[in-house]
Amino acid sequence: MADTPRLELIGITKAYPGVIANNNVSLKIMPGEIHALLGENGAGKSTLVKFIYGVQKADAGRVLWEGQEVQIASPNAARKLGVGMVFQHFSLFDAMTVEENIALGISPELTKGDLSGRIREVSLQYGLPLDPSRYVHTLSVGERQRIEVVRCLLQDPRLLIMDEPTSVLTPQEVDELFKTLRRLSEEGVSILYISHKLEEIKSLCHTATIMRMGEVVAECTPENETARSMAEMMMGADLVSPERTGRKVDGAIKLELRDLNVVSTHQHGTDLKDINLTVRAGEVLGVAGIAGNGQRELMEVLTGEVSCENPTAVLVDGIAAGRMDPNERRAAGVGLVPEERLGHGAVPDMSLWENAFLSAATRMNLTKNGFIQVAASTEFAEKVVEEFRVKTPGVTHFATSLSGGNLQKFIVGREIMQGPGVIVVLQPTWGVDAGSAAAIRQALINMAAEGAAVLAVSQDLEELFEISDRIAVICEGRMSEARLAENVTVEEIGLLMAGIGLEGEPAHAG
Amino acid sequence: MLVRLEQRPEASKSMIYVSPLIAVVLTVLTAMVMFALLGVYPVKAIETFFIEPVSSLDGLAELLVKATPLVLIGVGLSLGFQANVWNIGAEGQLVIGALAGGGLALAFFDQQSIFLVPAMLVCGVLGGMAWAAIPAWLKTRYNTNEILTSLMLTYVGLLVLSYLVHGPWKDPQGMNFPESRLFHDSALLPILIDETRLNVGALIALFVVVLGWILISRHIIGFQIKVIGMAPMAASFAGFKEKRLIWLTLLISGGCAGLAGVIELSGAIGQIVPSISPGYGFTAIIVAFLGRLHPVGVLFAGLLMALTYLGGDSAQITMNLPNAVTGVFQGMLLFFLLASDVLIKYRVRFGAPKINTEAAE
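One line per chain: the protein sequences are A and B, in this order. Each position in the first sequence, counted from 1, maps to that position plus 56 in my numbering. Each position in the second sequence, counted from 1, maps to that position plus 190 in my numbering.
It should be emphasised that the hints constitute simulated quantities derived from the structure, not laboratory data. Cβ coordinates follow ideal geometry from the N, Cα and C atoms, glycine included. None of the hints are false.
In silico DSSO-like links for lysine-lysine, alpha-carbon gap of 30 Å or less:
id: 1; chain 1: B; residue 1: K433; chain 2: A; residue 2: K329
id: 2; chain 1: A; residue 1: K447; chain 2: B; residue 2: K535
id: 3; chain 1: A; residue 1: K439; chain 2: B; residue 2: K431
id: 4; chain 1: A; residue 1: K447; chain 2: A; residue 2: K253
id: 5; chain 1: A; residue 1: K106; chain 2: A; residue 2: K235
id: 6; chain 1: A; residue 1: K253; chain 2: A; residue 2: K84
id: 7; chain 1: A; residue 1: K424; chain 2: B; residue 2: K433
id: 8; chain 1: A; residue 1: K447; chain 2: B; residue 2: K203
id: 9; chain 1: A; residue 1: K258; chain 2: A; residue 2: K106
id: 10; chain 1: A; residue 1: K253; chain 2: A; residue 2: K113
id: 11; chain 1: A; residue 1: K235; chain 2: A; residue 2: K136
id: 12; chain 1: A; residue 1: K424; chain 2: B; residue 2: K431
id: 13; chain 1: B; residue 1: K535; chain 2: B; residue 2: K203
id: 14; chain 1: B; residue 1: K431; chain 2: B; residue 2: K329
id: 15; chain 1: B; residue 1: K203; chain 2: A; residue 2: K439
id: 16; chain 1: A; residue 1: K253; chain 2: A; residue 2: K235
id: 17; chain 1: B; residue 1: K203; chain 2: A; residue 2: K424
id: 18; chain 1: A; residue 1: K329; chain 2: B; residue 2: K431
id: 19; chain 1: A; residue 1: K84; chain 2: A; residue 2: K136
id: 20; chain 1: A; residue 1: K447; chain 2: A; residue 2: K106
id: 21; chain 1: A; residue 1: K168; chain 2: A; residue 2: K136
id: 22; chain 1: A; residue 1: K106; chain 2: B; residue 2: K535
id: 23; chain 1: B; residue 1: K535; chain 2: A; residue 2: K113
Here are the computed distance ranges between Cβ atoms for each label pair:
id: 24; chain 1: B; residue 1: L528; chain 2: A; residue 2: Y72; range: 19 to 29 Å
id: 25; chain 1: B; residue 1: L396; chain 2: A; residue 2: T452; range: 28 to 38 Å
id: 26; chain 1: A; residue 1: T321; chain 2: B; residue 2: Y332; range: 16 to 26 Å
id: 27; chain 1: A; residue 1: I309; chain 2: B; residue 2: A309; range: 58 to 68 Å
id: 28; chain 1: B; residue 1: A514; chain 2: A; residue 2: D150; range: 49 to 59 Å
id: 29; chain 1: A; residue 1: E365; chain 2: B; residue 2: K433; range: 16 to 26 Å
id: 30; chain 1: A; residue 1: T167; chain 2: B; residue 2: A514; range: 52 to 62 Å
When you get a sec, could you build the whole thing from the sequences and use the hints?
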């Protein structure tokens, strides 16, 4: 029996208008195997997974489940076969308890009897501590993920699909999750693990299938590879690590936050509490933290979309900027890159030159008596495209027509080309392909080298360690003291992210 | 054979302009079927409806007179609609604007001055703006829904008109008819072609179209309007003030409606009567959408809509068709327009989806 794969895909092909998302993809997952599915954004991983989970139909190809040919018509059919899936974005109701949420997501037969007892049992058995009567809004992101995992486990899955499960976890939580996954694997559950975090894959997965542009380009045993070699297979090109000259953390203070307190304007948002921070000329300050700990609120205060009561809570070059609107801040020399590319950093259905005008109008003098200087705006947009190697047929094309990586390069480039003294970037390379990510990181480092102050807020610790001179951690709206990147370890940052203070520092945990 | 709708990789720019034409053609075809069912010779009916009204100089002039308020209001509304500010109360703003301008004409009914007409136009604009300022203030201050407030204010405006023509502004020598005095000559807009009602108002509408075009395509305010409509978060990221744009778009659309009202009064009617407009303020909503929320599109859409008014009258008179034909035409036009707009984002494909067949086995 052990020779029969749990799941075998043969020649899966799926085309969307203009793109082939999957081209003749074949994949074999053995019982008890932890199988990594690796690839850049847009490589076709999600399409393939949607197909396995019955969300989407393929144009061609066959599926064998334990040797039998099957048709997976719907997620229900997938669940009946024994496929469970933990999505990257949770579908949980904040105002309901853990038990109610689980009951909503499983087949009705399973909700009968002592559901909370079974939840406790499963969560104990697999080291996923969870109280069925807690309300979801009181739980951390890691705990919420456990709900999704337990929900799957209650249905006795034989194949568990996990889509980027660690992007919202602290390093310690990741270790816990891996223990659970290894245990499941020993019990014979197959796991399809989707990620682009190579170190994780190396430590967890037995085999890896690497996809690029809709095709399987390699299969490997992660143990025998280096993170670098896998990245290169993923990109199909040599990976360039960012280069940097010596660190400089003693420049003049360009951006300062002083006792910043802000009440969140969002539902279930995080209030910012007593934040103090300085970013100096010539340095990159990284802010780590799990999503939802105040990053969005911090960014809104920095962009000026939300204004502070106290004008001196935000100082740019020593000038009180707390009440400045985004345009006044740009005029004062602040470059801003928000998290959402489409709809926040750029208008999806506007051309690139119009999107260049959007944020550069003030600083680059792209208006005259209130009229748009089209020629000058176009020229500026073209310069950005050229300088940052944005792949596009021309600046009259819509922002939506660009891939995530290209659009992010354009947005970051648009801010950098305005020559700001301070640049604030939220999630600089979130959902961006490895090649573009490397280029963006390099650009930020270069900016700092040229004397600008760079503040980068990111969930990606690898990235922060790569680019930052100093690292601070935001947790529940409080900011830890920034420490020199070389004097701090991933574990220490992880503890701070989880809200556990380091020795000698007051604990910030709420 | 399979017919499918397939999503386009990028919205089709040409379809944005072709779609209204498709809608017009489909409307005409369907109308012919409808006429045939009503027992009227279809080609003759279409001719009566679309050709006859504009086959004389007088007819053409009348078309422009009817199109003037539609275009004026349509341009104003389209700016607001692009910013997701839904002013549905242009009819009320038209009435109040007309009353403001007309009131001035009545106040100076016995005096001659070349400044009277310009002053009336200004009063009309201010009147419409004042009426639109109420929903603007309520929305920016209390976050009320401008669709409801502007619509309700329309009925208030109509009652104000009714009160004035039945009461204080009634013509003292008017045999108790609910009408004001006839305006003095110097309170009337200059006529462009003798023996017709075509007046300077048409030129003003054309000027507003050009102004609107420049504003939306080249001016920073137009840019802000577009961005706030398409991506509100990007607008706040860029530092555009939403409240200011709500005020601005409501004042512009109210001002345009008020201007249309005073032009209708002093150009086409010549006194204040209980019913100043046959629903121009509401029809202009269709005009704005049919014209793709673009001033030049609105110009053509306004002419077309004006033609359905005239065609309805003409079909009623010469072919004994019910007046409801006008409404049916306007409804069908909007219906087919919305249907053909699907083609902007989708294209029609025949046959099964194409795939890489060598990968199948």
